[in-house]
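S.K.: Protein chains in written order, with my numbering: chain C, 1 to 569; chain R, 1001 to 1678.
None of these hints come from the bench; they were simulated from the model. Since this is a predicted model, take the numbers as computed values, not measurements. We put the beta carbon where it would ideally sit given N, CA and C, even for glycine. Some clues are possibly wrong.
The calculated DSSO-like cross-link candidates involving lysine-lysine, where the alpha carbons are at most 30 Å apart (straight line), are [to be verified]:
| # | chain 1 | residue 1 | chain 2 | residue 2 |
| --- | --- | --- | --- | --- |
| 1 | C | K420 | R | K1026 |
| 2 | C | K413 | C | K21 |
| 3 | R | K1212 | C | K420 |
| 4 | R | K1212 | C | K413 |
| 5 | R | K1115 | R | K1133 |
| 6 | C | K59 | C | K413 |
| 7 | R | K1188 | R | K1115 |
| 8 | R | K1115 | R | K1186 |
| 9 | R | K1188 | R | K1133 |
Derived Cβ-Cβ restraints for the label pairs, each shown as a range [claimed, not checked]:
| # | chain 1 | residue 1 | chain 2 | residue 2 | range |
| --- | --- | --- | --- | --- | --- |
| 10 | C | R58 | R | L1659 | 51 to 57 Å |
| 11 | C | A65 | R | L1659 | 46 to 52 Å |
| 12 | R | L1050 | C | V447 | 28 to 34 Å |
| 13 | R | A1458 | C | S10 | 40 to 46 Å |
| 14 | R | I1126 | C | R58 | 54 to 60 Å |
| 15 | R | G1046 | C | E326 | 49 to 55 Å |
| 16 | R | G1169 | C | A65 | 52 to 58 Å |
| 17 | C | L25 | R | L1659 | 39 to 45 Å |
If you want the footprint, here are the derived chain C segments under chain R, 3+ residues with CB under 8 Å [said to hold, decoys possible]:
| # | segment |
| --- | --- |
| 18 | 428-434 |
| 19 | 509-522 |
| 20 | 541-551 |
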Amino acid sequence: MTIIGWLQISLLFAAVALVIKPLGLFMARVFEGERTFLSPVMGPLERGIYRLSGIDPRKEQGWLAYTLSMLAFSLIGFVSLYAILRLQAYLPLNPQGFAAVPADLAFNTAVSFVTNTNWQNYAGEATMSHFSQMAGLTVHNFLSAATGMALAIAFTRAFTRSRIATLGNFWVDMTRATLFVLLPLSIVTAIVFVAMGLPQTLQASISATTLEGANQIISLGPVASQEAIKQLGTNGGGFFNANAAHPFENPTAFSNYLNIFAMLSISAALVYTFGQMVGNRRQGWALISAIAVLLIAGVAVTYWAEAQGNTILTALGVDPALGNMEGKEVRFGQAMTALYAAVTTGLSDGGVNGMHGSFTGLGGLIPMFLIQLGEVLPGGVGSGLYGLIVFALLSVFVAGLMVGRTPEFLGKKIEGREMKFAMLAILILPLAILGFTAISAMLPIAVASIGTAGPHGLSEILYAYTSAAGNNGSAFGGLSGNTLWYNTTLGIAMLLGRFAYVVPVMAIAGSLAAKVKVPASSGTFPTDGPLFVGLLIGIILILGGLQFFPALALGPIVEHFAMLAGQTF
Amino acid sequence: MSKDHKAPGLLDPAILMPAMRDAVKKLNPRQLLRNPVIFVTEVVAGVVTLLFLRDLVSNPAEAGFSGQIAAWLWFTVLFATFAEAVAEGRGRAQADSLKRTKSELVARRLIAGGKTESVPSTSLKIGDIVIVKVGELIPGDGEVIEGVASVNESAITGESAPVIRESGGDRSAVTGGTQVLSDEIKVKITVAPGSSFVDRMIALIEGAKRQKTPNEIALSILLSGLTLIFLFVCVAIWGLAGYSGTVLSVTVLAALLVTLIPTTIGGLLSSIGIAGMDRLVRFNVIATSGRAVEAAGDVDTLLLDKTGTITFGNRMASDFVAAPGVTQVELAEAALLASLSDETPEGRSVVALATGEFGVAMPQAKFDAVIGFTAETRLSGVDLAGRRLRKGAVDAVLKFAGLTEDDAPADFRRAVDTIARSGGTPLAVADGTRLLGAIHLKDVVKPGIKERFAALRAMGIRTVMVTGDNPVTAAAIASEAGVDDYLAQATPEDKLAFIRREQQGGRLIAMCGDGTNDAPALAQADVGVAMQTGTQAAREAANMVDLDSSPTKLIEIVEIGKQLLMTRGSLTTFSIANDVAKYFAIIPAMFVATYPALDALNVMGLASPQSAILSAVIFNALIIVALIPLALRGVSYRPSGAASLLRRNLLVYGLGGLLLPFAGIKIIDLAITALHLV
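With the rest of the complex left out, here is chain C (with noise of 0.2 Å):
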């Protein structure tokens, strides 16, 4: 580790942490229906839409009508996406002339886009036309986003409410989302990304001559508009199978911290959004601060593991100051890897820099643990902030009784309902990730697209469904996942991960809105300090720790050992 390697982190941090409260007040606003800046340009375009698809922007919905519209339109996305990339061939702009995407890849795509985890069985460059990447993929980049984020608001609005049924409108939230947050800064970025030199063309390829004399085909396309929403709205997919390593998609150490800085600034000035809306903005801080703790911790740890490098090649004369550089760009270098490796973890991000695969044991640990923990760090846009919530939600449950009064949290009361929707949700992470792990793991056929063998192997399959369930989207490497078994139950895991969790933790919020809101006392459990802040990086370790912690133990944990031991499989 060196000090410049730590500035650097810090310094995109700091960055950070100055965008939150402008950008977290910004989104309250939008979200509120007040004015803002952008009303002049986006208002009409607003209205217009809801005077086209014939919405009522003032009649609210309760949670169930708006869960299920949610559920509508995401289906309605993943059928038209499927029917993108079948048809691909009869459609225009696909100057390759790429053939129809296979079904269960097709699957397994739309599905993956749809969910906003992005999980990509297919090298972008080789499989997807022009217009499957722009109007199936970078749509779907703007509208799982902007789904996720109507959520989170709508969950948001249960602790601003007192005896109300209803939690908002999803058609004008995710409208709101799109409009005045993803699009404008996505347009800005985009510029930026293009100015760094980003290809936005819709020619296919450019010959060029090698060193060597020889021609080689460099394949372009719309690179710079997808990244920016790539990042932007946590999605992760890459317009090239090599994702943010490839030099098209993130050319220099600016626009990979331009790349690290967009992914998380958005979800989270969520969080900041969050405290504003129910109007404790203290509130926002505290998570925010243990969102930090155990982000920068999983950072540490990633850099100091790639830092200190493989003990068995210092053993065989490999200088241990150059640490662990397989699977790295150089041009980034381990600090900027392992940054990007836990905050794309942190986060569902799910976009790479390095191959997460080729990390040391505890390197490769941390983005797989990360993504255990819940995705809540800060995780996706939207989804991150309601699974943090019901992480506070459990932490004041378990906790809350010791200061003698009956659980509350921002002056709902948790009771038997909300909890049974709470371990509901809670359960579908380990379900599917340990599952479909120890299935596989004993399923010839899935233990067949392993890359390498020994735990490491183990950790493939593991990496593959924590990332899927976790709807991140990161690939681990070396796991062959366009296989009919991959396809399938990898795009099962996504659908568990994202609906069969957010439907009881919209049930929570419908629960929630409909109660009394208690006035805060001194005897109330105070969620805004210190003290709350510690119990829930606890209760989030604590509880991610006993779920995946035998799993882990036999990939990267024994990894880890064996690499100190000198052993190799």
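Got chain C sorted already, so can you dock chain R onto it with the hints?
M.R.: Only chain R this time, still in chain C's reference frame:
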């Protein structure tokens, strides 16, 4: 029950022996279904027992290990049922003394024509009228409709002084099993046999009718959810181990599952609830449901009657304000003499103030005439040595002195005015036509009450004083007692409206009352405490009855509710935190054969994989027994703000729960290695 019932010792054999028997009876799976965590443990124990039997036949080398695991799993279940049995046993000890009063009573039922017939009390119906004579026990709960009697209610209240029960008014309710000491009363039975007050009390204390409270239900859901998660984890481990080339025995997986699921809190949850009810009973308060005890912990606002709760209830002399030209001692002397014949509490308080604070000696002189206090004259006094001393209501004394209000000296009028405005009641003292001064009577706030209110405020509880006094008086007393708010000139309707308003704002209200007109408010309040001396209507409406009839009890009730919730939360936190150490014991033990490198996770340095697993299982069982006293006693509670309570409990039960098992498992491992158990 006596007034000073002490909790039976935690190791009282009279309770422990039957509890052990009950613990075994409670192993009935149908009964255990109520408690999912322990039910799962029992199922797992059953499975491991079968495996042990199989090992005995086919693999005797393994049988020693699986047999021990099976035994300790059964102990885990037994310890949990034992905890519940002990809690119930302690409650039953209370109930038994009540039951004695319930043995067959014979009722003298009134039948047509004014005659009576003798019937067993169990055949009485609601609406029957019975006659109870001197020395007889009242056959059932009811209302006196004719006559007055003194009744010994010590069987219920532990208070040996008899109480008066009479028809009409607020003292008409009688309780079955209490004894009439004088006179004869006609009682209308208002409660069917089997659901009388004593019956309900017994049922509740014994825990027979115990239903899970809302928070208990929510907590059970959390515990069941965790159990389900750990079930997934254990099943998944089996698959993952298969990939890694380890064949895990079901015994080991069962051990892992039971140590991970929250058996500690699962086993102690119901004892905590029963013990909470029990603690209330020891404070001489009977709750009609566990829900009420839980609600008590959540109370935001206490509605307290001024009289009897905040003040002593009688106005007492607190100062002498002398007229010009009269010394205070002279005035005190005159007031003392004039009050000697006043037997009202107010008169006595004047005597007490004069002889006490002002040091006036009790006079020995003979009086020429003694004028006693009556409600008509509203003054008292004496004539002696030519002096005609009078003390009483200001207008009465002025009239005696032949003055009108306007004639009275300005200084005197100002003094009277000041007293009235400070919320007190002025009395005047005169010698013939000469006004000597005024006596300041005031409601005296009970000593120490202000501190209690301050403690409540620190706990986040607002106190509201309810009084029939005018706003001026109310404000004065409110500020002296340190209550947060007051309701002056309050009618029962005002009280009800106030409670509704507070509840609308999301607050939980506790109040106590005794009269029939309190009943609607008692029913509306989240925690309504009726006085045992109160009317039947009030007792029916309330969800708690205070046998001592002490209104300040409300404060203890809130504390008991909080303590109950804290105990539950602390043990839950402790239970979950425990799991971390168990992983470090069991996971390396499971896989060290396949991956020797994993021995690095064996941070406790446990001797062998088998001893590690057995130690974790034993620790998991023993911790339940070790925590039974805590569950029954409740975690210690000192009134303070939520933040400091949380900090303390998180440190003790959170961090403690994280660290303690590391030490505990290590010690057990050393012991079983020394004993060569594996």
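S.K.: Now tell me if each hint is right for this structure.
M.R.: Results of checking the hints against the structure:
no. : hint                          : result
1   : C:K420 to R:K1026             : holds (27 Å)
2   : C:K413 to C:K21               : holds (29 Å)
3   : R:K1212 to C:K420             : holds (16 Å)
4   : R:K1212 to C:K413             : holds (18 Å)
5   : R:K1115 to R:K1133            : holds (15 Å)
6   : C:K59 to C:K413               : holds (27 Å)
7   : R:K1188 to R:K1115            : holds (15 Å)
8   : R:K1115 to R:K1186            : holds (13 Å)
9   : R:K1188 to R:K1133            : holds (14 Å)
10  : C:R58 to R:L1659: 51 to 57 Å  : holds (56 Å)
11  : C:A65 to R:L1659: 46 to 52 Å  : holds (49 Å)
12  : R:L1050 to C:V447: 28 to 34 Å : holds (32 Å)
13  : R:A1458 to C:S10: 40 to 46 Å  : holds (41 Å)
14  : R:I1126 to C:R58: 54 to 60 Å  : holds (56 Å)
15  : R:G1046 to C:E326: 49 to 55 Å : holds (51 Å)
16  : R:G1169 to C:A65: 52 to 58 Å  : holds (57 Å)
17  : C:L25 to R:L1659: 39 to 45 Å  : holds (43 Å)
18  : 428-434                       : holds (count 3)
19  : 509-522                       : holds (count 6)
20  : 541-551                       : holds (count 7)
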